[in-house]
Amino acid sequence: MRARIWGCRGSLAAPGPETVRYGGNTSCVEVRLDGGELIILDAGTGIRPLGNSLLPELPRTIHLFLTHLHLDHLEGLGFFGPLWRPDIDLHIWGPPSPLRSLERRIARYLSPPLFPVHLSDIPSQPTFHDVPDDDWKLGGAHISARPVSHRGPTVGYRIQENGQAIAYIPDHEPALGVDLRTVEPEWISGHTVAHGVDALLHDAQYTEQEYPQRIGWGHSSTTHVVTFAEVCEVRQLVMFHHDPMHSDDQLEAILDHARQMWNGRGEGPVLAYEGMDLDLT
Amino acid sequence: MSQQEHNLVLILARGLASSIATPMFVVDPEGDLVYFNEPAEEILGTTYAEEGEMTAEEWGTAFKPQDLRTGEVVPRESLPLSIALSEKKPAHSSIQITGRDGISRSIANTAFPLWARTDEFVGAVAIFWEEKE
Chain A
1 MRARIWGCRG SLAAPGPETV RYGGNTSCVE VRLDGGELII LDAGTGIRPL
51 GNSLLPELPR TIHLFLTHLH LDHLEGLGFF GPLWRPDIDL HIWGPPSPLR
101 SLERRIARYL SPPLFPVHLS DIPSQPTFHD VPDDDWKLGG AHISARPVSH
151 RGPTVGYRIQ ENGQAIAYIP DHEPALGVDL RTVEPEWISG HTVAHGVDAL
201 LHDAQYTEQE YPQRIGWGHS STTHVVTFAE VCEVRQLVMF HHDPMHSDDQ
251 LEAILDHARQ MWNGRGEGPV LAYEGMDLDL T
Chain B
1 MSQQEHNLVL ILARGLASSI ATPMFVVDPE GDLVYFNEPA EEILGTTYAE
51 EGEMTAEEWG TAFKPQDLRT GEVVPRESLP LSIALSEKKP AHSSIQITGR
101 DGISRSIANT AFPLWARTDE FVGAVAIFWE EKE
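As they're listed, the protein sequences go chains A and B. Residue numbering for the first sequence follows my numbering, starting at 1 and increasing by one per position. Residue numbering for the second sequence follows my numbering, starting at 1 and increasing by one per position.
Hints are computed from structural coordinates only; laboratory data are not their basis. None of these values were measured; they are calculated from a predicted model. Beta carbons are placed, not taken as given, at the ideal position from N, Cα and C, and that holds for glycine. Be aware that a few hints might be false.
As the list claims (entries may be wrong) - Some chain A residues close to chain B (C-beta under 10 Å, calculated; not the full set):
#1 A13
#2 P15
#3 P17
#4 L54
#5 E57
#6 P98
#7 S101
#8 L176
#9 V178
#10 R181
#11 P185
#12 I188
#13 S189
#14 G190
#15 H191
#16 H195
Claimed, not checked - Pair ranges (Cβ atoms, derived):
#17 A:V117 to B:A21: 48 to 54 Å
#18 A:P185 to B:E77: 30 to 36 Å
#19 B:E38 to A:G275: 46 to 52 Å
#20 B:K88 to A:L99: 18 to 24 Å
The following block holds chain A by itself, in its conformation from the complex (with noise of 0.2 Å):
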């Protein structure tokens, strides 16, 4: 299984020359399986450039698992490529939720007058699943969708395939009203998906000077992504949703102070960037 980053910028695209190393592009990781399956994480919008290069070696079918429908992951699947092709199986995975189904919740995005063309109108006419409760079956991996504390229902993925696995858990605010130091595992939001992955892909929002004002938005601070990565006994955190007000340099302060704290086992945090790539074989 290998992984490789499109975009990790948290709740809006900040191009610019001051986030040219890490990007400017929101939420989206590109994931092979061992057997050549594609499962897309997110359609934010680096979901743009990741269609452009699957151009010329389309694959046949498409797996794209939303963790929720706030615009930042969800805003560039209007403009990923395979969508307009009607020879594409698509297939869209997102949360349930008990009022309106996900093909409806993402018509509200891609219909008029918040984009020119109905979902119903789209050539690829993609399937739409609500991610099940239990673990499913994809190629030869193992998917988990579990909900994580957020504002509106938002998942977390894991995907496991021959001994390895990654966690995706780009919004999250696990340490709301918890204290992640003390409290047990089973009470902590977004364990089971983490717990023990070779890469956890999670949430690094704020600093903690920011946090304070901001609780309860459902995203972490650099102590609680730390903590959270470090009792789910993570390999490897790829600090990720970087804040669109943060430069380069403010993320690298970020990442010092994370590898000041850190005292997990495997490596120390990484910061995601676009280009990434994470090899799990």
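Once you have looked at the hints, place chain B on chain A.
Just chain B now, kept in the frame of chain A:
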């Protein structure tokens, strides 16, 4: 994978319980008491750390619920939390309980069921407070 974590709604309920000054119980769908907060400890005369998780049978009798007027034992199935669990609807009552510290207190308590975002029943909570003359 690790031991299954609790449903997110239960985790959030526990987070709420641990953050408020109102005594609060959290039970899972089977009725097992999975958490009570520090303000509840004052009334129950014991701590969660000491008690740990309790089955419905245990918490339904441990604090000796009694009718305020007659003094008769209130059966577990008539307690608001049991009603919230079995009938999936809110319930309220005023009763007397006796804490582990041996002190009897009159309490009002309100319980309601918890449904997860997918309409999945995941447990119930009860809030209660001491009624002082």
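These are the hints, each one checked on the structure:
Look at A:A13: its Cβ only gets to about 28 Å from chain B, farther than 10 Å, so that hint breaks. This hint is violated: A:P15 has a C-beta 34 Å from the nearest C-beta of chain B, more than the 10 Å allowed. Against a cut-off of 10 Å between C-beta atoms, the interface hint on A:P17 is violated, since the closest Cβ of chain B lies about 40 Å away. Taking 10 Å as the C-beta contact cut-off toward chain B, the hint placing A:L54 at the interface is violated, the least distance being around 31 Å.
With a cut of 10 Å, the hint placing A:E57 at the interface with chain B is violated, because the nearest CB-to-CB distance is about 33 Å. Interface hint at A:P98: satisfied, since its Cβ lies 5 Å from the closest Cβ of chain B, which is below the 10 Å cut-off. At a threshold of 10 Å, the smallest CB-CB gap from A:S101 to chain B is about 12 Å, leaving the interface hint violated. A cut of 10 Å between beta carbons decides the hint on A:L176: the least distance to chain B is about 6 Å, and the hint holds.
Hint status for A:V178: holds, given a least beta-carbon distance of 5 Å to chain B, under 10 Å. For A:R181, the suggested interface contact is broken, since its CB lies about 14 Å from the closest CB of chain B, more than 10 Å. Against a cut-off of 10 Å between C-beta atoms, the interface hint on A:P185 holds, since the closest Cβ of chain B lies about 6 Å away. The interface hint given for A:I188 holds, since its Cβ lies 6 Å from the closest Cβ of chain B, which is under the 10 Å cut-off.
At about 5 Å, the closest approach between the beta carbon of A:S189 and any beta carbon in chain B falls short of 10 Å, and the interface hint on this residue holds. Residue-level restraint check for A:G190 holds (minimum Cβ-Cβ distance to chain B is 8 Å; threshold 10 Å). The restraint placing A:H191 at the interface with chain B holds, with a minimum CB-CB distance near 5 Å, inside the 10 Å limit. The criterion of a C-beta within 10 Å of any C-beta in chain B is met by A:H195, whose closest approach is roughly 4 Å, and the hint holds.
For A:V117 paired with B:A21, a C-beta distance near 53 Å keeps the hint of 48 to 54 Å intact. The hinted window of 30 to 36 Å between A:P185 and B:E77 holds, with their beta carbons roughly 33 Å apart. Distance hint check: the CB atoms of B:E38 and A:G275 are about 49 Å apart, consistent with the given range 46 to 52 Å. At roughly 19 Å, the beta-carbon separation of B:K88 and A:L99 lies within the given 18 to 24 Å, and the hint holds.
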